[in-house]
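Asker: Keeping their order, the protein sequence lines are chains Y and D. Just so you know, we're using full-length UniProt numbering here: the first sequence kicks off at 1 and counts up by one. Just so you know, we're using full-length UniProt numbering here: the second sequence kicks off at 1 and counts up by one.
Source of the hints: derived by calculation from the structure; they are not laboratory data. Any given hint might turn out to be false.
With a cut-off of at most 20 Å between alpha-carbon atoms, the simulated SDA-like pairs for lysine to any residue come out as follows [unchecked claim]:
#1 K18(Y) <-> A89(Y)
#2 K18(D) <-> I68(Y)
#3 K18(Y) <-> E126(D)
#4 K18(D) <-> T67(Y)
#5 K18(Y) <-> P49(D)
#6 K18(Y) <-> G125(D)
#7 K18(Y) <-> I68(D)
#8 K18(D) <-> V123(Y)
#9 K18(Y) <-> E86(Y)
#10 K18(Y) <-> G90(Y)
#11 K18(D) <-> F141(D)
#12 K18(D) <-> G64(Y)
#13 K18(Y) <-> G64(D)
#14 K18(D) <-> G125(Y)
#15 K18(D) <-> M127(Y)
#16 K18(D) <-> P49(Y)
#17 K18(Y) <-> L143(Y)
#18 K18(Y) <-> P121(D)
#19 K18(Y) <-> V123(D)
#20 K18(Y) <-> N51(D)
#21 K18(D) <-> L93(D)
#22 K18(D) <-> N51(Y)
#23 K18(D) <-> E124(Y)
#24 K18(Y) <-> G66(D)
#25 K18(Y) <-> T67(D)
#26 K18(D) <-> E126(Y)
#27 K18(Y) <-> L93(Y)
#28 K18(D) <-> G66(Y)
#29 K18(Y) <-> M127(D)
#30 K18(Y) <-> E124(D)
#31 K18(D) <-> R91(D)
#32 K18(D) <-> P121(Y)
2 protein chains.
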Amino acid sequence: MMSSTTSGRTAPQRRNLKELSEAESLRRLASVPFGRIVFTRHALPAIRPVNHVVVDGRIVLRSGSGTIISAEVASWDAVVAYEADELDAGRRLGWSVVVTGVARLVADPEEAARLRELVHPWVEGEMDQVISIRPEFVTGFELVP
Amino acid sequence: MMSSTTSGRTAPQRRNLKELSEAESLRRLASVPFGRIVFTRHALPAIRPVNHVVVDGRIVLRSGSGTIISAEVASWDAVVAYEADELDAGRRLGWSVVVTGVARLVADPEEAARLRELVHPWVEGEMDQVISIRPEFVTGFELVP
Chain Y
1 MMSSTTSGRT APQRRNLKEL SEAESLRRLA SVPFGRIVFT RHALPAIRPV
51 NHVVVDGRIV LRSGSGTIIS AEVASWDAVV AYEADELDAG RRLGWSVVVT
101 GVARLVADPE EAARLRELVH PWVEGEMDQV ISIRPEFVTG FELVP
Chain D
1 MMSSTTSGRT APQRRNLKEL SEAESLRRLA SVPFGRIVFT RHALPAIRPV
51 NHVVVDGRIV LRSGSGTIIS AEVASWDAVV AYEADELDAG RRLGWSVVVT
101 GVARLVADPE EAARLRELVH PWVEGEMDQV ISIRPEFVTG FELVP
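Next up, chain Y with everything else stripped away, as it sits in the complex (with noise of 0.2 Å):
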């Protein structure tokens, strides 16, 4: 994957950091087909990895009833971060998203119904319910030589 970019072994070098906008942090979001979610868990800090779409501007993912993201995150509207990266540690380039704002179990059928359809698990087991997290925070950045 990094052969043309690992050969010559010069000393790799430092980037800079170039913020992303608002839409542009959500065009890249979008672009990823999974991100990692951000959360309490008796009061420690959280994270799982977790397949993506965005649809109207929010995060929709899937979870099953009896799992620690149905737990922690959709049985009350938890405030989560959501970050997407794409980084190459070989040329050190890439971007990285991070996305803050409130989880929320799509309780309407039909609109549950409507986005089953749009996020295709990864994992095996049940995964009924429908997740939404509405971005409050939108940060991004990106290196640049």
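For chain Y, the structure is supplied; the task is to place chain D on it using the hints.
Answerer: Showing chain D alone in chain Y's frame:
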């Protein structure tokens, strides 16, 4: 990157989660150059990508005194989570590891100098602080067919 797997376009298969042992989780964490530190900021969940090395069973990273990580994590012994993964969205395979533990600023000048030589920051700026996370809980999973 995924040209061999996206041809064919059959319906994507769902995977099972296989738990990784603590030793295997730490081995995988040490095999990758970056992860994401998860902490609390203004009572909200927060996350930042950062590059790391694993030294003597601890996760070691560098930070600058003006950064958010410095203010929220290094200035007191914060409990953090640290996540790293290698996930291939095309094949729906890969792994993720989450470590929870106390993050401490390495205060001893000789120890800090030794560790600074092992972690090379990706971004420009003063990155004199060395932060060490001692794993208390280690979990990991692998996506398997």
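Asker: Next, verify each hint and record whether it holds.
Answerer: Do the hints match the structure? See the list:
1. K18(Y) <-> A89(Y): Holds, at about 17 Å.
2. K18(D) <-> I68(Y): Within the cut-off at roughly 16 Å; holds.
3. K18(Y) <-> E126(D): holds, 17 Å
4. K18(D) <-> T67(Y): holds, 15 Å
5. K18(Y) <-> P49(D): With a Cα-Cα distance of about 14 Å, the restraint between K18(Y) and P49(D) holds, given a limit of 20 Å.
6. K18(Y) <-> G125(D): holds, 13 Å
7. K18(Y) <-> I68(D): holds, 16 Å
8. K18(D) <-> V123(Y): holds, 11 Å
9. K18(Y) <-> E86(Y): holds, 15 Å
10. K18(Y) <-> G90(Y): Measuring from Cα to Cα gives roughly 19 Å; hence the hint holds.
11. K18(D) <-> F141(D): Since the Cα atoms of K18(D) and F141(D) sit roughly 5 Å apart, the hinted pair holds (cutoff 20 Å).
12. K18(D) <-> G64(Y): Between K18(D) and G64(Y) the Cα gap is close to 17 Å, so the pair holds against 20 Å.
13. K18(Y) <-> G64(D): Holds, at about 17 Å.
14. K18(D) <-> G125(Y): holds, 13 Å
15. K18(D) <-> M127(Y): Distance of about 18 Å is within 20 Å: holds.
16. K18(D) <-> P49(Y): holds, 14 Å
17. K18(Y) <-> L143(Y): holds, 6 Å
18. K18(Y) <-> P121(D): Status holds; Cα separation ~16 Å.
19. K18(Y) <-> V123(D): Roughly 11 Å between the alpha carbons, so the hint for K18(Y) and V123(D) holds.
20. K18(Y) <-> N51(D): The given pair, whose Cα atoms are some 17 Å apart, holds under the 20 Å limit.
21. K18(D) <-> L93(D): holds, 11 Å
22. K18(D) <-> N51(Y): holds, 17 Å
23. K18(D) <-> E124(Y): Cα-Cα ~12 Å, so holds.
24. K18(Y) <-> G66(D): holds, 17 Å
25. K18(Y) <-> T67(D): holds, 15 Å
26. K18(D) <-> E126(Y): Holds, at about 17 Å.
27. K18(Y) <-> L93(Y): holds, 11 Å
28. K18(D) <-> G66(Y): OK: K18(D) and G66(Y) at ~17 Å, within 20 Å.
29. K18(Y) <-> M127(D): holds, 18 Å
30. K18(Y) <-> E124(D): holds, 12 Å
31. K18(D) <-> R91(D): Satisfied, since the Cα-Cα distance of roughly 16 Å is no more than 20 Å.
32. K18(D) <-> P121(Y): Distance ~16 Å between K18(D) and P121(Y) Cα, so the pair holds.
Consistency with the previously given hints is maintained throughout, with no hint failing.
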